[in-house]
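Trainee: For reference, the chains in residue letters:
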Amino acid sequence: MTTATATYEGIKPGTAAKHAFFSAVVWLCLGASFGFFTSLRIAWPDLLNGVDVMGPLASAFAFGRVRPMHITLVIFGWISMAFVAAMYYMTPALCNCRLWSEKLGLWNIWLWNVGLVVGAITLLIGANSGREYQELIWPIDIYVLTLILGFAAVNVFMTVLQRRTQGIYITIWFFMGALVMIWMTYFIGAIPDMFPVTGLNEAYIVWWHAHNVLGLWITPVSAAIAYYVIPKVTGNVLYSHKVGHLHFWTIVAFYSTPGAHHLMGAPIPEWMKSFASVSGVMILIPALAFITNMVLTVQGKWHMFSSNVSIQFALTGTLMAVPLNFQGAFQQTRAINWYIHGTHWIVAHAHFALLGFSTFIEIGATYYAIAKLFQRKIYSGTLATVHYWLTTIGFIGFWTALTLAGLIQASGKVYNTTFIDVVYATHPYMVARSLFGLTIVLGQWIFLYNLYKTATAGEPVTEKDAPATVYYT
Amino acid sequence: MGGYKEYKIGVIMFLVIFGIAMFMTIGLGGIYLGAVPATQHALEKQVHYGASAWSIKDPLMKGWNQPKIEKRGKMVSDPVGVGKKIFIREGCWHCHTLLPEQSADWEYFGEPPLAGDFVGEAPTVVGSDRKAPDLMHIGSRMPSVAWHLQHHKDPRSVQSKSIMQMFDFLSKDELRALASYMVSLK
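Chains A and B, in that order, give the protein sequences. This note's numbering numbers the first residue of the first sequence as 29 and each following residue consecutively. This note's numbering numbers the first residue of the second sequence as 1217 and each following residue consecutively.
Calculated lysine to any residue pairs in the SDA-like style (CA-CA distance at most 25 Å, straight line):
1. Lys270(A) / Val1232(B)
2. Lys1388(B) / Ser87(A)
3. Lys1377(B) / Arg1392(B)
4. Lys1221(B) / Leu266(A)
5. Lys1224(B) / Val208(A)
6. Lys46(A) / Lys481(A)
7. Lys481(A) / Leu470(A)
8. Lys1278(B) / Trp166(A)
9. Lys1369(B) / Phe89(A)
10. Lys1402(B) / Ala1254(B)
11. Lys1284(B) / Phe223(A)
12. Lys270(A) / Ile1225(B)
13. Lys1221(B) / Thr193(A)
14. Lys1377(B) / Thr428(A)
15. Lys1221(B) / His269(A)
16. Lys1221(B) / Arg192(A)
17. Lys301(A) / Gly1243(B)
18. Lys301(A) / Gly1326(B)
19. Lys1273(B) / Tyr171(A)
20. Lys301(A) / Leu1330(B)
21. Lys481(A) / Thr467(A)
22. Lys1278(B) / Met1291(B)
23. Lys1377(B) / Thr445(A)
24. Lys1278(B) / Gln1366(B)
25. Lys1278(B) / His98(A)
26. Lys1221(B) / Gln190(A)
27. Lys1377(B) / Ser439(A)
28. Lys1224(B) / Arg126(A)
29. Lys1224(B) / Ala281(A)
30. Lys1377(B) / Thr446(A)
31. Lys329(A) / Leu347(A)
32. Lys260(A) / Arg192(A)
33. Lys1388(B) / Ala1362(B)
34. Lys1369(B) / Phe65(A)
35. Lys301(A) / Tyr1248(B)
36. Lys270(A) / Ile1236(B)
37. Lys400(A) / Gln190(A)
Rather than coming from a laboratory, the hints here were simulated on the basis of the structure.
Can you build the whole structure from these sequences, using the hints too?
Mentor: In structure tokens, the structure reads:
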């Protein structure tokens, strides 16, 4: 057994994961705040007009420039970085070894932070590739593929290669598979930026990429994190490894194909739409396999829902996957898609996946990992509870407001109503969305404060591997 | 290191399944879509803008590398092409689609495009979110440049219930270019 001990000189194991978790939460707070800002511009478009201080910044803080920044910071700042943070924490833990290189991990996270700052600036000055979910310009795409995703993948794969366990746990399959799949997805998504791919091919690649960032990266890695956190914290053994197999292989087979269902209204060939639609419904197989496995793993430990903050968040996220996947699987079939496509319903659904499902599981993992990494109790259980309820109530209100607004828009679209009347009719819902959005944003800043205090002033835990319930006071 | 034989089988299975999925979607779909012939409409669009994505030759998305036309004896960037660039830069496509859907849309916003109408155009910015009217045929619905100029500067002066933000920070030339692009969308 060879271990690359040389790379650890002077760096404590877990340092890269600590930096990654804190950076990710900072991006969460910023990304969510920018999202709140854009929601204000929709509810009150004249909000900042005539304010002198805006002067030269008016263009940089225009709706069309802040919105892509919200998306980029939340997906590539918070979610993806929290994923890599979880990988840096969980891969060594599950492989019973150290992270291959803490130094590479630290470089990875700080180059990532630099990349996000540069990316945010380019978006604010208007350098935008014009492709949703792939807004960064191609020099930054190359940076992302090499120094961000490339470094993370090398570190995780090398850690697995030097593992000191016989088997490989399901979480690690997902980490490794997803790192390969996101690299391919991001690369293919960046092709129209670098090469002359035009017309419907370009439109199709945009939506293939946008779909697969969710399907081959965000969904599987969120699930992988739940596969670690829920058995670990409850102390139960994973209900079924075989159901886990079913989950993994159906994700690879079915989740990479439904990209065309985003273009049901475009003149792409019918076979592509049908193929996408059918495989879109098949997404229910991995989704239900995952949910079943998790819910049965918690058997006998449901009381921890109210006593452990990690379980509270991770299980809420897992249970949100039930309505999320049923909504997602059926809204992309032609009949429903025809009705709700292009409305706020879709915006609600996107937040369901990224906030309701993915973010909740990652927050659970963050509470758990930060307490473990710093060997301290979470600073304030009260603040954690406040964070939970602000996020949960905020999200449910937010989703309801947007879904109702979407249904109004859909009926307006189908019954040929004067367009501006529909815009006017959705205004109260946009105001409600902003208020619930503010609730969510407040919750995340409390989260950051609580984590900061945990790291600096949390009560130290001396036992090396104390039961997880200790961390929630 | 060690490892089981199953891992090798697993890696091969992963690559085969993922490969088939990629071939079915990107491969077959790409070949099919790439073979669509350009329509007259697509050729007209290519003359004005064609590929208008971000480029090193135009880092601030001002339209410096768009096709040139002659104006008062000088070669300048085609205002329609510059307008398209501004449309991308300002993220207009986050709220406006360029694709009437199969619904009452076809009566309200006009005919849907043909597959060949997009050939040579990148980014296509067809949009996904319909917070605002579809613009595929805005030039036919609203052919007045003056209306567009006023609307972009102060949307609520022409439509009191509009939720579009003011684009009063754009320069005069940029507003003109954007209006030319709008009017060109017949």
